[in-house]
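Protein chains: 2
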Amino acid sequence: MELSEDLTTDPKALSSGNVSKLFRHLGNFDWNHVTPVEYKSEEQSWLSVSRRVFTGETGETPQFHVRYFEIGQNGYSTLEQHEHEHVVVVMRGKGQAIMGEKRVELGFGDVLYVAPNEVHQFSNSQEEPFGFLCVVNAERDRPRPVEIGEGSSCF
Amino acid sequence: MELSEDLTTDPKALSSGNVSKLFRHLGNFDWNHVTPVEYKSEEQSWLSVSRRVFTGETGETPQFHVRYFEIGQNGYSTLEQHEHEHVVVVMRGKGQAIMGEKRVELGFGDVLYVAPNEVHQFSNSQEEPFGFLCVVNAERDRPRPVEIGEGSSCF
Chain A
476 MELSEDLTTD
486 PKALSSGNVS
496 KLFRHLGNFD
506 WNHVTPVEYK
516 SEEQSWLSVS
526 RRVFTGETGE
536 TPQFHVRYFE
546 IGQNGYSTLE
556 QHEHEHVVVV
566 MRGKGQAIMG
576 EKRVELGFGD
586 VLYVAPNEVH
596 QFSNSQEEPF
606 GFLCVVNAER
616 DRPRPVEIGE
626 GSSCF
Chain B
476 MELSEDLTTD
486 PKALSSGNVS
496 KLFRHLGNFD
506 WNHVTPVEYK
516 SEEQSWLSVS
526 RRVFTGETGE
536 TPQFHVRYFE
546 IGQNGYSTLE
556 QHEHEHVVVV
566 MRGKGQAIMG
576 EKRVELGFGD
586 VLYVAPNEVH
596 QFSNSQEEPF
606 GFLCVVNAER
616 DRPRPVEIGE
626 GSSCF
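Protein chains in written order, with the numbering used here: chain A, 476 to 630; chain B, 476 to 630.
Fair warning: there could be bad hints in the mix.
Identical copies go unnamed one by one, so any copy, or any two together, can satisfy a pair.
[Stated by the list, open to error] Below, computed lysine to aspartate or glutamate pairings styled on EDC-like, alpha-carbon distance capped at 16 Å:
(1) 515 / 603
(2) 577 / 480
(3) 569 / 616
(4) 577 / 481
(5) 577 / 477
(6) 515 / 555
(7) 569 / 480
(8) 569 / 602
(9) 569 / 614
(10) 569 / 517
(11) 577 / 555
(12) 569 / 603
Keep in mind the hints are simulated off the structure, nothing from the lab.
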């Protein structure tokens with residue numbers, strides 16, 4: 476069996492269905508066959524966040540989506556809550572997470588389970604981007620932004 | 476808001492429910508609050524594989540499970556197929572995957588989507604363990620071992 480560099484380069488297969496795919500890490504947290512997209516269209520509640528979706532928006536059928544988020548220096552995600560859960564795995568750099576009334580430092584390999592309706596936010600104060608995988612249910616509720624002073628005794 | 480070292484150390488909360496949890500990476504691909512378990516009880520079809528389950532077996536309710544597998548030098552997983560899909564993300568070392576009639580080298584950050592019923596197997600020829608996350612549907616069919624000569628023209 477010959478060694479292959481890729482599993483498929485057929486754009487149709489890559490974007491439309493249950494075809495095995497390899498998203499090759501090209502170094503520096505960039506990947507083949509996936510491009511960064513806007514974190515959210517709304518721009519008030521977050522800063523310097525990019526999103527890559529490996530599986531979930533290109534025809535695959537699992538009940539979960541696997542995404543990679545990256546937060547630049549002094550960036551932060553929306554302070555929000557939702558019914559669906561997150562499983563986050565840190566791949567790059569260091570960052571912080573607000574989780575309800577707690578705040579934790581995160582680094583490579585840390586795995587964070589965000590329970591339903593936990594108020595949460597991710598941020599990065601370092602020069603190195605803070606990058607993490609985030610797995611969610613394919614069918615999920617919309618995040619609800621949380622105002623400071625709401626939802627937690629800490630704000 | 477004070478910085479916390481952990482989110483909960485309550486064993487009951489950790490093992491029974493939708494409570495936010497931090498599986499701290501302790502270095503060397505070992506984590507707080509999770510212990511390696513046997514890959515499979517059947518021992519004929521695989522060698523030198525360990526499994527850690529972060530979420531899915533301790534009361535959380537997402538529709539997916541997040542596990543970490545590690546394959547030691549000259550080890551391999553079962554050559555198998557199943558209806559459910561895998562999303563694999565390499566965290567440690569290098570390895571190989573048989574994917575149907577193809578064979579690919581995998582290294583840090585590579586993301587592999589294994590389509591339904593793809594015949595697949597992971598292996599490691601290096602001294603450094605080959606470690607990867609593997610995300611699956613919470614409800615899934617049992618893997619079916621594939622005999623060499625069956626299921627693919629390559630065997």
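Homo-oligomer pair classification [residue 481, residue 577; C-alpha up to 16 Å]: between (43 Å within a copy, 9 Å between copies)
Alpha-carbon proximity between residue 577 and residue 477, which holds within one copy, between copies, both or neither at 16 Å: Intra 51 Å, inter 7 Å, cutoff 16 Å: inter-copy only.
Status of residue 555 relative to residue 577 across identical chains (alpha carbons, at most 16 Å): within (14 Å within a copy, 43 Å between copies)
Within, between, both or neither, where residue 569 and residue 602 count as close if Cα-Cα is 16 Å or less: within (9 Å within a copy, 28 Å between copies)
16 Å Cα threshold - placement of residue 603 relative to residue 515: Cα proximity of residue 515 and residue 603: none, with 22 Å in one copy and 39 Å across.
Up to 16 Å CA-CA - residue 555 versus residue 515, copy category: within (13 Å within a copy, 39 Å between copies)
Homomeric proximity label, residue 569 with residue 517: Cα distance no greater than 16 Å: Neither. Shortest intra-copy (25 Å) and inter-copy (40 Å) distances fail the 16 Å Cα cut-off.
Intra- versus inter-copy proximity for residue 480 and residue 577 (alpha-carbon distance at most 16 Å): Only across copies: residue 577 and residue 480 sit 9 Å apart there, 44 Å inside one copy, limit 16 Å.
Alpha-carbon proximity between residue 569 and residue 614, which holds within one copy, between copies, both or neither at 16 Å: neither (29 Å within a copy, 33 Å between copies)
Status of residue 616 relative to residue 569 across identical chains (alpha carbons, at most 16 Å): Neither. Shortest intra-copy (28 Å) and inter-copy (37 Å) distances fail the 16 Å Cα cut-off.
16 Å Cα threshold - placement of residue 603 relative to residue 569: within (8 Å within a copy, 24 Å between copies)
Within, between, both or neither: residue 569, residue 480 at alpha-carbon 16 Å: Intra 31 Å, inter 14 Å, cutoff 16 Å: inter-copy only.
Checked against the numbered hints given earlier, the structure breaks hints 1, 3, 9 and 10 and satisfies all the rest.
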